[in-house]
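So the sequence lines, in the order shown, correspond to chains A and B.
Quick note on the numbering used here: the first sequence kicks off at 1 and runs consecutively.
Quick note on the numbering used here: the second sequence kicks off at 1 and runs consecutively.
Possibly wrong hints are sitting among the right ones.
Stated by the list, open to error - Covered, in the sense of this in silico footprint (three residues per stretch, anywhere, with C-beta under 8 Å from a C-beta of chain A), are these stretches of chain B:
| hint | stretch |
| --- | --- |
| 1 | 135 to 141 |
| 2 | 175 to 181 |
Claimed, not checked - Here are the simulated distance ranges between beta carbons:
| hint | chain 1 | residue 1 | chain 2 | residue 2 | range |
| --- | --- | --- | --- | --- | --- |
| 3 | B | Glu213 | A | Ala127 | 21 to 27 Å |
| 4 | A | Lys366 | B | Lys226 | 38 to 44 Å |
| 5 | A | Ile68 | B | Ile234 | 28 to 34 Å |
| 6 | A | Asp152 | B | Val192 | 48 to 54 Å |
| 7 | A | Tyr283 | B | Gln169 | 46 to 52 Å |
Rather than coming from a laboratory, the hints here were simulated on the basis of the structure.
Cβ coordinates follow ideal geometry from the N, Cα and C atoms, glycine included.
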Amino acid sequence: MNFERIREKLNILADAAKYDVSCASSGSDRANKNQGLGNASKMGICHSYTEDGRCISLLKILLTNHCIFDCAYCVTRKSNDVQRAAFKIQEVVDLTINFYRRNYIEGLFLSSGIFKNADYTMERLVAVAKKLREEENFNGYIHLKSIPGASDELMYEAGLYADRLSVNIEVPTISGLKLLAPDKKHEDFTKPMLKVKNEIVRYKAERKIIKSTPKYAPAGQSTQMIVGASGETDKDIMYSAVHYYKNYQMRRVYYSGYVPVADDMRLPAIGSQVPMLRENRLYQTDWLLRFYGFAINEILNKEHPYLDMDVDPKLSWALRNLHHFPVDVNSADKALLARIPGIGMRSVDKILKARRFRKLNWDHLKKIGVALNRAQYFMVCDSRHWERRDLDAEKIKGMILQTSTGKFRNQYSTQLSLFN
Amino acid sequence: MKPSKTLIYDGSFNGFLTAVFVAFDEKINVTDIQKNGQGQNGLFSETETIFTHVEKAKRVWNGIRNKSHNAIANVYFAFLSETEGVELMLYTYIQKLMATTLGKQMDYSDGIVLYIDQLAKKVGREKHRMEAFVRFQLTKDDIYFANIEPDFDVLPLISKHFRNRYADQQWLIYDVKRKYGIYYNLDHVEMVSLNLKEIHFNKIHKSDAFLSEEYDYQTLWNDYFKSTGIKSRINPKLHTQHVPKRYWKYLSEKKEAV
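Here chain B stands alone, though its shape is the one from the complex (with noise of 0.2 Å):
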């Protein structure tokens, strides 16, 4: 009989995508995928730790993708959702893909391969809300910075854009749940953390870290936002369900709103 275990990683995708591997590679009747420090054993089943293995983790991303890009990026999406007990449908995921002789194919009508394509719609619909509701501010080092707060852990996704877009000026995107941030410093992208003393909202909590421009501008951002919307056609439900709540303490426009 093939062992039954539960795979202990550490947490990062490529402990995720080494565990993978080692259950494909060593034929493991796998019972779950955990976290390092967050682990439930199960009553009669073993438990193995994983060391990551950058090498095999490559392997399972390129025979991923070589059966399929959307896959690959459905397996990362869904994974930054940080969901609970999603490695597991990752795995099922995985193998169903794998064994699949119908080639680029997604079988819709399967409930997993439903659902990771729903939870890898809404990373990527996070993801573009990120890259859209980040509020750079312009700090006396003249770094533009910008707290977030996003429901999944979107940092990596949203680095290459703002790189690719802001080429001539340092920026810092920090990541206020998480405790993390990306730094921009003229040349490449790195992970940061900080020691936050406190949240830098916008203009109504505002700070000496920036200059009194930086308000300004922000201001003037505030005036064309309510200029430009026409009373005529209000439409608040419409408004929220594009902007949800939860963002507005970070957007300026809306910080009186909040």
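So that you can see chain A by itself, here it is in the shape it has in the complex (with noise of 0.2 Å):
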């Protein structure tokens, strides 16, 4: 091994890979075959946390960052004056297995910038993958990047060795991709994308028939979409993650906020801040509709195009639909009981079980783990104390912004600070 020669091009690669947020290794129950190396673990493992806070479960790097595209929000795009390496193929695959070895890591993340063409780039991501499965007999995990444009055989391929494939949409609108990248057409996205929704579909349906067929990307298709590039909204945004969830049965969609990179006057400009409460205002709304039973309109639509930002979706929800509160923990069903704000699916789950053996006040509910200070407002329970004053939505509002906290509240908060 040339270790500096390794060295040099691992901190380049994984730097131009950093801006991929996903890092889930999660979704694959791949066992370990034949006293080989490795396994994957279902609910997925974080082995370390970067210093901003995100979970590093794979090894995730580009092939390469030469790339033939030049898409404004891209830290490699051509025109764009950075130091270029590229792995070898073996490269990759004894840093994989070395990692993996000392458990570093789940597996690789595998991504590339477009060299030559799309199929060319494709076929060396594929190749890697393939060499890692059949000579190393490594049952890890391994996320491959699916390149815009690639053929169908290649994205067949690729499934079969790969436990998850992902394309990322990046801007959500396609008239924002037409300001931002223009080489890149809408359709060379959604083209492998479909392929793989639909191999995925038929090889379910062989395993209900034969047992054995073979695993087909076991934990699906993920995308990402960046937040705060062009000007989008948050309706925009989250209507676009519902097709991708509904039409291509994402099992997830990634929203970043742009790290800005470059000067362009397309963008925002270098230095301005990464919208972090928004994206994490965005992935509330993910979770509502993913796990909570809410629609998209209801919580986004004409009248409402932004989330709130000084309140969470749910919240702000429940505070335009009064109508449908205070809440009977004792009595309502399950769907009912997800709606109420400072309710998450775990109490839900705890309250629908402990309920069977007696009426709950509000010290059960307290120790069960419910956030009291947001759902005292919209519940009642086995207690003569509850919210009996006719309070309108700007009120409640104001009462649980005035006794609770957040991390964020500065960003937006209009009043001004004593000591600053």
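Need the complex rebuilt from these two chains, each delivered in its own frame; the hints are there to steer you.
Next up, the structure:
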């Protein structure tokens, strides 16, 4: 191993890959075969966390940062003056195996800049995965990037070796894409996505009949959208996310606050703040859609194209729909319990079990872990104390904000701080 | 009147289950269940020493498991927390579980049930952390070696994970605090105790037990750790929340920060 050269390449190519926020290693239960190396953990394992608090679970690198495209938002775009490097296939395999054996990682996340053309690049990515699986008997997690515009045959082969495949949409609207990535067509993104989705559906169906059907991308597909680069609304982003969840059966859509990497008239300037709070609110909305039984038009619609920044989307929905409340926690059904602000799905589950034994009061709920500072205005329980005043939405919001703190509060508070 | 007794067991999980068996069997009014050697006798209660009996322990294990799979996991996990006084809590928990007519349901409005559930969750979290934070270092004898110092006694819980995953390499995970380890010899996992002269941290304290190649990989990993972070998003509070400081000395990527 030429240590210094590898070290240099790793620094360049890991640095270039870091803007991909996904580092999930969950969703696959690939077992260890023939006393080989590795398996996949269904729930995923984060082996470390970066100093910005994101999970490190995979060796996330680019095969190369040479690229023929010139997408404005991307750090490896053709016109950007950065140092370029490329890994050999064997080098990626060695790094992955050696990191894996030391329990640093769950597997490999391999992406790439596009050199020559889409198929040529995709072929190299598949070759790495194939080598790991077939020559090294590696059963850990592999996440491959589907290169926009790659052919169906290559996408098919990729799914045979990888656990997850992903194409990053990056720009949620077609008009935004035209502006920021003029070389790419929307269809280039959706074509490989569709192929993989169809294969997953087909393999699943076959598996029902023949149990020994090999796995095909068992952890499904994911995608990522940049937030705050092209002036899109929260509604644009979330409706587009719902579209991908529904039509492409995405396991996850990631939202990545745009980190300015270029001086470009079309984009926020270098040094402007990363919209982390907005990103956070989008993830909260995503969770409400996937786990809490909300429909997207309840949260975002024509009248409300943006999410509230000062309160979470569930509370914001509840404040707009006070006629549903208060809810009696001792009799309401699961779907309704899940809609009370301050009660998460774990609490819902505990409440449902506990209330078979006795009627619950504030004390029980507090111990179970309900955030009463928010929940108290929206529920009644087995107690004579509950919010009897006829409060309007503004009033409730004010009282909740007064009795709570939030780490992003200083970003949107209009109140002047006394000691600054 | 039922006899009132403090039960003394040998500290093993089977020993504890035997104690539970005896308590149910002889209808003892249990005042406490204590580990051998750290007993504090109550003024007015007798003590009885329990001899571990695997068959009896198994009956209790099966009894709880038939009632609820979740409960047996909770009991085992909470036991491994080594919390003082957890045995009596667990005994009460098992009593409540056996008395309930509502099948598998858990009464989360009950203090003890909730406490045991939360304790088990803590141990589960520590188990998951150890599966993540173990950092193997390759010794000259071709064994992947790691020290750990977990809050709870989680080695028995993580052994299966590592056996399934690293089936083709010899590895040894050593609990520095409890002074025992688990070793996989390419066939099965066994418990070992070592006479460890020094704790092998990582590249800052180099040891000649490891190849120089080992330190190269640690350097690469540290570099990777640095380059994958995004500076404009830095959030130290969130970082330490995910990777609490007490684990840092065994993580090569955090060694410089200790």
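Going through the hints against the structure:
Counting residues of the stretch 135 to 141 of chain B whose beta-carbon sits less than 8 Å from any beta-carbon of chain A gives 4, enough to reach three: the coverage restraint holds. Coverage of the stretch 175 to 181 of chain B by chain A is violated. Counting CB-CB distances below 8 Å, 0 residues qualify, and the rule asks for three or more. At roughly 26 Å, the beta-carbon separation of Glu213 of chain B and Ala127 of chain A lies within the given 21 to 27 Å, and the hint holds. For Lys366 of chain A paired with Lys226 of chain B, a C-beta distance near 42 Å keeps the hint of 38 to 44 Å intact.
For Ile68 of chain A paired with Ile234 of chain B, a C-beta distance near 33 Å keeps the hint of 28 to 34 Å intact. For Asp152 of chain A paired with Val192 of chain B, a C-beta distance near 53 Å keeps the hint of 48 to 54 Å intact. Between Tyr283 of chain A and Gln169 of chain B the C-beta distance comes to about 38 Å, which lies outside the given range of 46 to 52 Å.
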